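Peer 1: Here's the letter readout for the chains.
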Amino acid sequence: MYRSFLKTAFFVIAGIAIGIMFANFKVRDYRHASLVIKKNAKTKPLHISDYNGRQVIAISVKNLHGARDIELRLKDAEFQSWYPPVIKMPFGKWMEVDGGKFREVEFGKRIPLYLIINGQSGSMELEIIDSSNGSLIQTVHLMKGGSNGGHH
Amino acid sequence: MAAIIKMKMRYIFMIMGIALFLPPLSLIPQFAGEVNMCGAVCPRMFFIIPSKGGASGLLNNINSMWFGVTLVSAILLSTLFLGRLWCSHLCPVGGASELGSKGIPDKLKINFSFMNAPAFRYGYLFVYIAGAVIGIGNITCKLCNFRVLPFLIGSPFVPAYQTYLLTTMGIAGLFTIGLTGFFAKGGRAYCNLLCPIGAIDSIVNYARSGFGFSRKVKTDQARCTGCGRCIDSCMVWAIKMDENRKAQRNDLSCMSCRECEKVCPEGAIGYGKHKI
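Read top to bottom, the protein sequences are chains L and Z. Taking our numbering, I'd label the letters of the first sequence as residues 1181 to 1332. Taking our numbering, I'd label the letters of the second sequence as residues 1078 to 1353.
Heads up, none of these hints are tricks.
BS3-like, lysine-lysine: derived pairs with alpha carbons at most 25 Å apart:
| no. | chain 1 | residue 1 | chain 2 | residue 2 |
| --- | --- | --- | --- | --- |
| 1 | L | Lys1187 | Z | Lys1262 |
| 2 | Z | Lys1179 | Z | Lys1317 |
| 3 | L | Lys1273 | L | Lys1289 |
| 4 | Z | Lys1293 | Z | Lys1339 |
| 5 | L | Lys1324 | L | Lys1218 |
| 6 | L | Lys1224 | Z | Lys1129 |
| 7 | Z | Lys1085 | Z | Lys1293 |
| 8 | Z | Lys1085 | Z | Lys1179 |
| 9 | Z | Lys1317 | Z | Lys1293 |
| 10 | L | Lys1242 | Z | Lys1129 |
| 11 | Z | Lys1262 | Z | Lys1339 |
| 12 | Z | Lys1186 | L | Lys1187 |
| 13 | Z | Lys1179 | Z | Lys1339 |
| 14 | Z | Lys1317 | Z | Lys1262 |
| 15 | L | Lys1218 | Z | Lys1129 |
| 16 | Z | Lys1323 | L | Lys1187 |
| 17 | Z | Lys1129 | L | Lys1206 |
| 18 | L | Lys1242 | L | Lys1222 |
| 19 | L | Lys1242 | L | Lys1324 |
| 20 | Z | Lys1186 | Z | Lys1317 |
| 21 | L | Lys1222 | Z | Lys1129 |
| 22 | Z | Lys1295 | Z | Lys1323 |
| 23 | Z | Lys1129 | L | Lys1289 |
| 24 | Z | Lys1262 | Z | Lys1295 |
| 25 | Z | Lys1179 | Z | Lys1262 |
| 26 | Z | Lys1339 | Z | Lys1083 |
| 27 | L | Lys1187 | Z | Lys1317 |
| 28 | Z | Lys1350 | Z | Lys1293 |
| 29 | L | Lys1281 | L | Lys1224 |
| 30 | L | Lys1255 | L | Lys1224 |
For each label pair, taking beta carbons as the anchor points, the in silico distance ranges come out as:
| no. | chain 1 | residue 1 | chain 2 | residue 2 | range |
| --- | --- | --- | --- | --- | --- |
| 31 | L | Leu1316 | Z | Leu1185 | 52 to 58 Å |
| 32 | Z | Phe1234 | L | Gln1300 | 25 to 31 Å |
| 33 | L | Asp1256 | Z | Phe1158 | 54 to 60 Å |
| 34 | Z | Gly1130 | L | Met1181 | 43 to 49 Å |
| 35 | Z | Tyr1088 | L | Ser1184 | 33 to 39 Å |
| 36 | Z | Ile1248 | L | Asp1256 | 20 to 26 Å |
| 37 | Z | Ala1207 | L | Gly1299 | 37 to 43 Å |
| 38 | L | Lys1255 | Z | Ser1128 | 31 to 37 Å |
| 39 | L | Ser1184 | Z | Lys1339 | 28 to 34 Å |
| 40 | L | Leu1316 | Z | Phe1191 | 56 to 62 Å |
Calculated from the structure, these hints are not laboratory results. Note that this is a predicted model, so its numbers are computed, not measured. Beta carbons are placed, not taken as given, at the ideal position from N, Cα and C, and that holds for glycine.
Model the full structure from these sequences, guided by the hints.
Peer 2: Here it is as structure tokens:
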């Protein structure tokens, strides 16, 4: 009975310990961040790792701006998204994706985006453009070092 | 032929689950405007207590992951009446892990049955749900097999999935599902130890065990000879032999897969509402 209690207590502690380890697991080449697209919105800088190699920033971009055609630009960076689906079902309406260019983005839609940078130093500026008229919606500063960009 | 189909029915359901939920088809996620198990379809994030926003943050998560909320509600409701059929028959991620593990030689597999799975699972679940609000940290997508496995299966078709899998986070995720999935005896160690849906579902499974209307896997103790075949067949090490050499099932881990029923030479195990 006493042994069984000790075994249970040991595995509860082990579960908590693995949970804490997972929760604090950070890597230098991958970070999560979230971003809201909205004209004149105060945008906090995105803190990324100060690692100088290839770095992937997974950004959850939420469209709270009226524009349906949006382009993201960052010098020497690559953009990828897992949209649209490989096999499009006839019942769904899908945005068109070409690198950092998105067409037919619905209001409120969240775009999962991978921003891949490689070797850039210093801070960078991510520009979000309304591609229907070429106007700048907002600029987001990417700063190397500092805290994690957060998640969702 | 009909007997073989009956024996393999669970595998047919698992393959169906994989085809319907995972890329490249992603039929069911597309109903929610998604292409994998993330975003609105994510069933694992809406119940995490947020560090900011309190109740409104929680409501915001429920709103964003509406399809995941619906899916989890349906899973828990089905468990209440029928047992953990989602986990054992339909879950595309658990199913892919189990099927993948069948291709690995047994001598290379790790047997996790030395672990007290419910104790470990609820310790981990506590950090998963409350870690952010009590300042321990946020697990969410880190090493999540609902992210890594769909990305792995979809990677031949989608470059973004390859990008993720080639980061240190992706490689660590592959290592985690490799260790607790493909290279685990039975292929279900992630399900039994780390899956938050499985942990919540197993509480419902345990709580419902006294209800008369609920169907469950049962052992007729009078017919059990203590041969131990059911113990070997159990993927989630839910069966133990008691001091009288009779098989005892722990409903906190039993996944209602009914594999034990198939191997019992005495026909002592059955599934239903009443005592067999």
